[in-house]
Amino acid sequence: MNKVIDWNEIFQLVLTATGETLYMVLLAGLFTLLIGLPLGVLLFISRQGGLYPMPRLNKGLGGLVNLGRSLPFVVMLIALIPLTRLVVGTTLGSTAAVVPITIGAFPFFARIVENALDEVDKGRIEAILAMGGDIWHVIFKVLLPEALPALLAGITLTLVMLIGFSSMAGVIGGGGLGDLAIRYGYQRFNNQVMVATVVVLVILVQSVQSLGDRLVRSLAHRR
Amino acid sequence: MIVVEQLSKTYASGQAPALDQVSLSIPDGAIYGILGRSGAGKSTLLRCLNLLERPSSGRILLDGEDLTALSDIELRRQRQRIGMIFQGFNLLHSRNVFDNIAVPLEIARIGKAQRQARVRELLDLVGLSDKALAFPSQLSGGQKQRVGIARALAARPAYLLSDEATSALDPQTTASILELLRDINRQLGLTIVLITHELEVVKSICDHAASLAHGRLVEAGPIAQLLANPDSTLGRSLLPGYSTPLGNDALDLSFFDSLLATPVLNELKHQGVELNLLASGVESIGGRRVGRLRVAFRHPADELQLNRVVAFLKQRGVRVERS
Numbered sequence: 001m002n003k004v005i006d007w008n009e010i011f012q013l014v015l016t017a018t019g020e021t022l023y024m025v026l027l028a029g030l031f032t033l034l035i036g037l038p039l040g041v042l043l044f045i046s047r048q049g050g051l052y053p054m055p056r057l058n059k060g061l062g063g064l065v066n067l068g069r070s071l072p073f074v075v076m077l078i079a080l081i082p083l084t085r086l087v088v089g090t091t092l093g094s095t096a097a098v099v100p101i102t103i104g105a106f107p108f109f110a111r112i113v114e115n116a117l118d119e120v121d122k123g124r125i126e127a128i129l130a131m132g133g134d135i136w137h138v139i140f141k142v143l144l145p146e147a148l149p150a151l152l153a154g155i156t157l158t159l160v161m162l163i164g165f166s167s168m169a170g171v172i173g174g175g176g177l178g179d180l181a182i183r184y185g186y187q188r189f190n191n192q193v194m195v196a197t198v199v200v201l202v203i204l205v206q207s208v209q210s211l212g213d214r215l216v217r218s219l220a221h222r223r
Numbered sequence: 001m002i003v004v005e006q007l008s009k010t011y012a013s014g015q016a017p018a019l020d021q022v023s024l025s026i027p028d029g030a031i032y033g034i035l036g037r038s039g040a041g042k043s044t045l046l047r048c049l050n051l052l053e054r055p056s057s058g059r060i061l062l063d064g065e066d067l068t069a070l071s072d073i074e075l076r077r078q079r080q081r082i083g084m085i086f087q088g089f090n091l092l093h094s095r096n097v098f099d100n101i102a103v104p105l106e107i108a109r110i111g112k113a114q115r116q117a118r119v120r121e122l123l124d125l126v127g128l129s130d131k132a133l134a135f136p137s138q139l140s141g142g143q144k145q146r147v148g149i150a151r152a153l154a155a156r157p158a159y160l161l162s163d164e165a166t167s168a169l170d171p172q173t174t175a176s177i178l179e180l181l182r183d184i185n186r187q188l189g190l191t192i193v194l195i196t197h198e199l200e201v202v203k204s205i206c207d208h209a210a211s212l213a214h215g216r217l218v219e220a221g222p223i224a225q226l227l228a229n230p231d232s233t234l235g236r237s238l239l240p241g242y243s244t245p246l247g248n249d250a251l252d253l254s255f256f257d258s259l260l261a262t263p264v265l266n267e268l269k270h271q272g273v274e275l276n277l278l279a280s281g282v283e284s285i286g287g288r289r290v291g292r293l294r295v296a297f298r299h300p301a302d303e304l305q306l307n308r309v310v311a312f313l314k315q316r317g318v319r320v321e322r323s
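Those protein sequences? They're chains A and B, same order as listed. Positions 1 to 223 (our numbering) are the ones given, in order, by the first sequence. Positions 1 to 323 (our numbering) are the ones given, in order, by the second sequence.
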């Protein structure tokens, strides 16, 4: 039978798990941004007929990105264990989980960035080139600022996805809310913990989404 | 001076070339209008002038320097001397008016204080000082194009390329933008090359014109010459027209400038040739005053008499067209 645990204990459990989830999501989010943003820019400018066409590189990177996106995350989590050990020295815990989460997310984010940049009016790029701008001017004065609302929407989408990924981190002992739900809610039939994690997850996703939406709207408002 | 030599552009092999052996020269201080239907290649030609489009063959000489032979860095430096405005304005929506105008100055690495002073000057020039902090989405089409012009002028270019800059604007706004272009041509001595499909634009501000069809140059030259040349189709199309076709016994006469004050028709009358005035008008085209008359012989004229009259008029400098 399920053992009844008191609310104080539940609170402690959920608090720790939330902390772990936030830790994994924010750290993996940061790395996803740091890797995915330049990669997305590179994918965009290296296209055939793009600003700096490098068809071979583009095809190679595109293939890697597609590979990264075609594996189910749980499979990737396990397949990447050797790499995780190489990078962080251990294969267990929240920090270890950041590696596969980042690797699972950045290809997706890179595609989002590429598509967001593709939406920028080509005439604006041309205007900068016509006034003597180089590719860096185009990237930093046109592409990124003009695509900022779309990029923010993409970051929001990615963060929500990261929350989803992080819930599978329990498989390699990463902890977090998903792990808590599986260990207490599923394996021990503890409905209180189950409900608590669901509530926290919903609140987390909702606040990320509405914060993102608000930022996007405040930017779009003046444009 | 911009000299275009034997410029050709083919997008895909096997396809008809977008530009076919086009040569023309654009003198300093000119307002040079390039006319053509859509697909005639005029946009390609204009975009070749700052190498936004690389020609398949031919040269573009900017003050004697061949743009097609320059390195990337040198080309970018030359581009700073060529401003460009667009039909779609192409302003950055992430920046306000002030910061949009500052972009070319940032690219030219001009210091902040100087940049700000220059932008204020330009805002004043285009009459938008009160809109400095507005974002492009808050402006009308005409205001956006004014910002585009200010931005194009920011780095003090010697040339301005205009890619159908007024085609998206209503007639009144078009007129005010054209007036602004004429002002900066006069005040700053800027050479302007514009492409358009609107004859009116060429008529109202250009002093040189060229026409393109199917990628080939049809005619080019000073408008005064085109107007005076009876064989010039472009000159013909720039003259005011009538909606009814020219009858057998009628003539269309064009008088230029001082000729307007000459009593040519009176002289004809003294020779016993009486003409009825069917229609008339005076317009200013390419900076010249042009009077245009449609006249018919009062008494039926035979071929001999008609030829004699036409020869007399031509000899007096009148442009004559007959059916």
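Hints in this document: simulated from the structure, not taken from any laboratory. Beta carbons are placed, not taken as given, at the ideal position from N, Cα and C, and that holds for glycine. You may find that some hints are simply not true.
[As the list claims (entries may be wrong)] Chain B side only, calculated, beta carbon under 7 Å to chain A, not exhaustive:
no. : residue
1   : L46
2   : N50
3   : T68
4   : A69
5   : R76
6   : F86
7   : N90
8   : P104
9   : I107
10  : S137
Next item in the hint list is P104 of chain B. Is there a CB on chain A closer than 7 Å to its CB? At about 4 Å, which falls below the 7 Å cut-off, the nearest Cβ of chain A leaves the hint on P104 of chain B intact, so it holds.
So, as I understand it, the hint says F86 of chain B touches chain A; can you test that by seeing if any CB pair is closer than 7 Å? 6 Å, holds
Minimum Cβ distance from I107 of chain B to chain A below 7 Å? Hint holds; I107 of chain B Cβ to chain A Cβ min 5 Å, cut 7 Å.
Against chain A, is L46 of chain B within 7 Å by beta-carbon distance? 11 Å, violated
Are S137 of chain B and chain A close enough, Cβ to Cβ, to be under 7 Å, as the hint says? 5 Å, holds
Restraint satisfaction for A69 of chain B [CB to CB of chain A, less than 7 Å]: With a closest approach of 17 Å, the A69 of chain B hint is violated.
Restraint outcome when N90 of chain B is required to lie within 7 Å of chain A by C-beta distance: The hint holds - N90 of chain B has a Cβ within 7 Å of chain A, the shortest such distance being about 4 Å.
Against chain A, run the beta carbon of T68 of chain B and see if the smallest gap drops under 7 Å. Status violated, d = 16 Å.
Given a cut of 7 Å on the nearest C-beta pair, is the interface hint for R76 of chain B held or broken against chain A? At 4 Å from the nearest chain A Cβ, R76 of chain B passes the 7 Å test, so the hint holds.
Interface restraint verdict for N50 of chain B against chain A (beta-carbon cut-off 7 Å): OK, holds: N50 of chain B within 7 Å of chain A, min 6 Å.
Hint compliance for this structure: hints 1, 3 and 4 are not met, and every other hint is.
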